[in-house]
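Those protein sequence lines, which keep their order, are chains A and B.
Taking this note's numbering, I'd label the letters of the first sequence as residues 163 to 526.
Taking this note's numbering, I'd label the letters of the second sequence as residues 75 to 422.
Don't read these hints as lab results, they were simulated from the structure.
One or more of the hints may lead you astray.
Not the full set, but computed from the structure, chain A residues with beta-carbon under 7 Å of chain B [said to hold, decoys possible]:
1) 172
2) 175
3) 177
4) 206
5) 207
6) 212
7) 269
8) 365
9) 495
10) 499
11) 520
Quick reminder that beta carbons are idealized off the backbone N, C-alpha and C, glycines included.
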Amino acid sequence: MNYLDDFRDPATAKKIAAAIKAITTQPWNIMEVCGGQTHSIIKYGIDQLLPDQVNLIHGPGCPVCVTPLAYIDKALAIAAQPNVIFCSFGDMLRVPGSHHDLLSLKAQGADIRIVYSPIDALNIAKTNPDKQVVFFGVGFETTAPTTALAAYQAKQQQLDNFSLLICHVRVPPVMQALLDSPGNQVQGFLGAGHVCSIMGYHEYLPLSAHYKIPIVITGFEPVDILHGLYLCIKQLEEHRYQVENEYSRAVKEQGNQPAQQLISQVFDVVDRSWRGLGEIPASGWALNADYDAWNAEQRFAVTAINTLEPAACRSGEVLQGLIKPAQCAEFGTACTPEHPLGATMVSSEGACAAYYRYRRHQHV
Amino acid sequence: MSDLKLNCPLPLQYEQIVMAHGGGGRLMQQLLDSVIQPVFSNPLLNQKHDSAVLNINGSRLAFTTDSYVVKPLFFSGGDIGKMAVCGTLNDLAMSGALPLYLSCALIIEEGFAIKDLQRIVESMQQTAQQAGVLIVTGDTKVVDHGSGDGVYINTAGIGLLDEHVNVSPAQIQVGDSIIINSDIARHGIAIMLEREGINFESSIASDCADLSGLVQDLLKAGIDIRCMRDLTRGGLASGLIELATTSHHAIEINETALPIHQDVNSACEILGFDPLYIANEGCFALFVPEAQTALALSTLHRHPLGQQACQIGKVKATHPKGTVTLQTAMGINRVLDLLSGEQLPRIC
Numbered sequence: 163m164n165y166l167d168d169f170r171d172p173a174t175a176k177k178i179a180a181a182i183k184a185i186t187t188q189p190w191n192i193m194e195v196c197g198g199q200t201h202s203i204i205k206y207g208i209d210q211l212l213p214d215q216v217n218l219i220h221g222p223g224c225p226v227c228v229t230p231l232a233y234i235d236k237a238l239a240i241a242a243q244p245n246v247i248f249c250s251f252g253d254m255l256r257v258p259g260s261h262h263d264l265l266s267l268k269a270q271g272a273d274i275r276i277v278y279s280p281i282d283a284l285n286i287a288k289t290n291p292d293k294q295v296v297f298f299g300v301g302f303e304t305t306a307p308t309t310a311l312a313a314y315q316a317k318q319q320q321l322d323n324f325s326l327l328i329c330h331v332r333v334p335p336v337m338q339a340l341l342d343s344p345g346n347q348v349q350g351f352l353g354a355g356h357v358c359s360i361m362g363y364h365e366y367l368p369l370s371a372h373y374k375i376p377i378v379i380t381g382f383e384p385v386d387i388l389h390g391l392y393l394c395i396k397q398l399e400e401h402r403y404q405v406e407n408e409y410s411r412a413v414k415e416q417g418n419q420p421a422q423q424l425i426s427q428v429f430d431v432v433d434r435s436w437r438g439l440g441e442i443p444a445s446g447w448a449l450n451a452d453y454d455a456w457n458a459e460q461r462f463a464v465t466a467i468n469t470l471e472p473a474a475c476r477s478g479e480v481l482q483g484l485i486k487p488a489q490c491a492e493f494g495t496a497c498t499p500e501h502p503l504g505a506t507m508v509s510s511e512g513a514c515a516a517y518y519r520y521r522r523h524q525h526v
Numbered sequence: 075m076s077d078l079k080l081n082c083p084l085p086l087q088y089e090q091i092v093m094a095h096g097g098g099g100r101l102m103q104q105l106l107d108s109v110i111q112p113v114f115s116n117p118l119l120n121q122k123h124d125s126a127v128l129n130i131n132g133s134r135l136a137f138t139t140d141s142y143v144v145k146p147l148f149f150s151g152g153d154i155g156k157m158a159v160c161g162t163l164n165d166l167a168m169s170g171a172l173p174l175y176l177s178c179a180l181i182i183e184e185g186f187a188i189k190d191l192q193r194i195v196e197s198m199q200q201t202a203q204q205a206g207v208l209i210v211t212g213d214t215k216v217v218d219h220g221s222g223d224g225v226y227i228n229t230a231g232i233g234l235l236d237e238h239v240n241v242s243p244a245q246i247q248v249g250d251s252i253i254i255n256s257d258i259a260r261h262g263i264a265i266m267l268e269r270e271g272i273n274f275e276s277s278i279a280s281d282c283a284d285l286s287g288l289v290q291d292l293l294k295a296g297i298d299i300r301c302m303r304d305l306t307r308g309g310l311a312s313g314l315i316e317l318a319t320t321s322h323h324a325i326e327i328n329e330t331a332l333p334i335h336q337d338v339n340s341a342c343e344i345l346g347f348d349p350l351y352i353a354n355e356g357c358f359a360l361f362v363p364e365a366q367t368a369l370a371l372s373t374l375h376r377h378p379l380g381q382q383a384c385q386i387g388k389v390k391a392t393h394p395k396g397t398v399t400l401q402t403a404m405g406i407n408r409v410l411d412l413l414s415g416e417q418l419p420r421i422c
């Protein structure tokens, strides 16, 4: 199959949408976990193809949105130091810290570079031996293996002008935290396909069994998402609660084992704060003690920066599915992608930014 | 939820220029509208057209200027010199003018190789010659090493307008057909793949080209051109949004009608970019009365730069005014919005 065409085929999509309508007998709240899925849903208008009873909740799967304020402030503190080349994925540059963002710092003269892979940052370190090169490692299980590889190679090569600021996060603990929260409304999950292509889906089996909730590992194209929703609703309607794999062309149950080994070799599982959600046990990765020498937090003495998250930012409610973006009074007025009040307005994968970009004229 | 406090981080107001202020998006519009336009404000500038149209002693002259900064200076499908000539020719052509004369101002960084400079000016001359225009005045400045990216070029141009030609956003009418001459997003992707050193098994070349000949063909064929816009920085979406805003009309385009080269589409998928917002250097949107759609298309198809020409949408009466709506392949309408600045590659 040509995935650009066949998995976006309108006729197939409409056929699946009709099948969803045919099996849906009652209201269901389903969360797509991954920000890439949220972006697709809003971009293609997939939610508009669904029956009214199916309510999609946009989950906390946007790495830009959930990176805590403390780590943005740490990044800013490191990037502002002389002799530092600070390397980051592009969309982290616009995330507001306590006082400014990396783009403003760049405008003031800091050497901040957009890279596509941590290995690019490693190469920048090799070609600039007189500079300290720092990579900002954020994101889920999808980006963690390449960050781990960069750390591993830096250690192998004893590259002492390279270090990493790590704020990686893990999906299963946040799903569990959402299910445990008193206001939880989620009745079924679309699992994050790319995360599972790395980690496999065995981690989700106990979650699904314990909470009696269907989890359908789903891809990112319109046909994938509709098919994932169909499988999820079918389980709910039939009172089944299983892990199913819609994205079998990319995901195997055991995932990418070399990538997993690399992760466990370089990182320790740690408790992590999520922007808008607070601290979630065992929900993150940090460099383990073998990599202390490459830990930018220690090298640049920023461990003490511990900016507290605002107590009640509404982006947390958006991330938990308690409100839709347009239900926030600031949406599209005080809070826009140019001047985001919260992180969900920053990245194109953030629910608020996706609504602003594609739905603003319908809601405001 | 009842005792909820809105306690989000404070909004950021940029006090310095950031790269996004030059990205062709909303931040750039805000900079123009708040800092530049109000100071220079006059009826000619306020038309917000690609060229100003000047009435001088009975002659109608189009006048425009543009500065060129591109990395790398030489790329597949062109170089900064070719771009600097084509870009200004195209700005003149978009007002319906026949380009006549150009200026060339060079800002060169200390240490720049003279043989590269020679290559660039020769490319400029060759492009100008092919277009039948002369580069008649210029300026050269050298700046300290580290104060520039090799070379920056500014060109200004003047062209002549026939008396019956009246091309501007104000001429757009409900029912007009919207046509583009070629596939979109090739220039931006070609530059990006070279700049970022991404190994991508494709030879996507920039579409950098002089469109003035194509426009002259349309005028000669008797097409009543309402408006044109070359779809440079910010791409098709930003160009159409600006026209919709300036003309207070609603534009609807059809996703399935948009020609996009398969390799360009694949590169956009990998990098997380939307081709609708990627720059072009040889692609323009043409607004013509509905009745002239077929004639405009057949005229375009006869020119090498118009062989992929197709209708992509219409000016509608029904939608909210000043907006551009994309009808997606799924049959759903979504409103296109200006991006804040340049598109940033997504994390995953």
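### Message
Next item in the hint list is residue 499 of chain A. Is there a CB on chain B closer than 7 Å to its CB?
### Response
With a closest approach of 5 Å, the residue 499 of chain A hint holds.
### Query
Are residue 207 of chain A and chain B close enough, Cβ to Cβ, to be under 7 Å, as the hint says?
holds (3 Å)
### Message
So, as I understand it, the hint says residue 172 of chain A touches chain B; can you test that by seeing if any CB pair is closer than 7 Å?
### Response
holds (5 Å)
### Interface hint compliance - residue 269 of chain A to chain B, C-beta minimum distance less than 7 Å
Residue 269 of chain A check passes; min Cβ-Cβ to chain B is 5 Å, inside 7 Å.
### Query
Holds or violated: is the Cβ of residue 206 of chain A closer than 7 Å to a Cβ in chain B?
Residue 206 of chain A check passes; min Cβ-Cβ to chain B is 5 Å, inside 7 Å.
### Message
Hint residue 520 of chain A vs chain B: min CB-CB distance below 7 Å?
### Response
holds (5 Å)
### Query
Holds or violated: is the Cβ of residue 365 of chain A closer than 7 Å to a Cβ in chain B?
Given a least distance of 18 Å, the restraint on residue 365 of chain A is violated.
### Task
Would you settle whether the hint for residue 212 of chain A is holds or violated, based on the nearest Cβ-Cβ distance to chain B being less than 7 Å?
violated (12 Å)
### Task
Using Cβ atoms only, decide whether residue 175 of chain A comes closer than 7 Å to chain B, and label the hint accordingly.
Interface hint status for residue 175 of chain A: holds (6 Å vs cutoff 7 Å).
### Task
Answer holds if the nearest beta-carbon of chain B is closer than 7 Å to that of residue 495 of chain A; otherwise answer violated.
violated (11 Å)
### Query
For the hint on residue 177 of chain A, does the least C-beta distance to chain B fall short of 7 Å?
violated (12 Å)
Checked against the numbered hints given earlier, this structure breaks hints 3, 6, 8 and 9; the rest are met.
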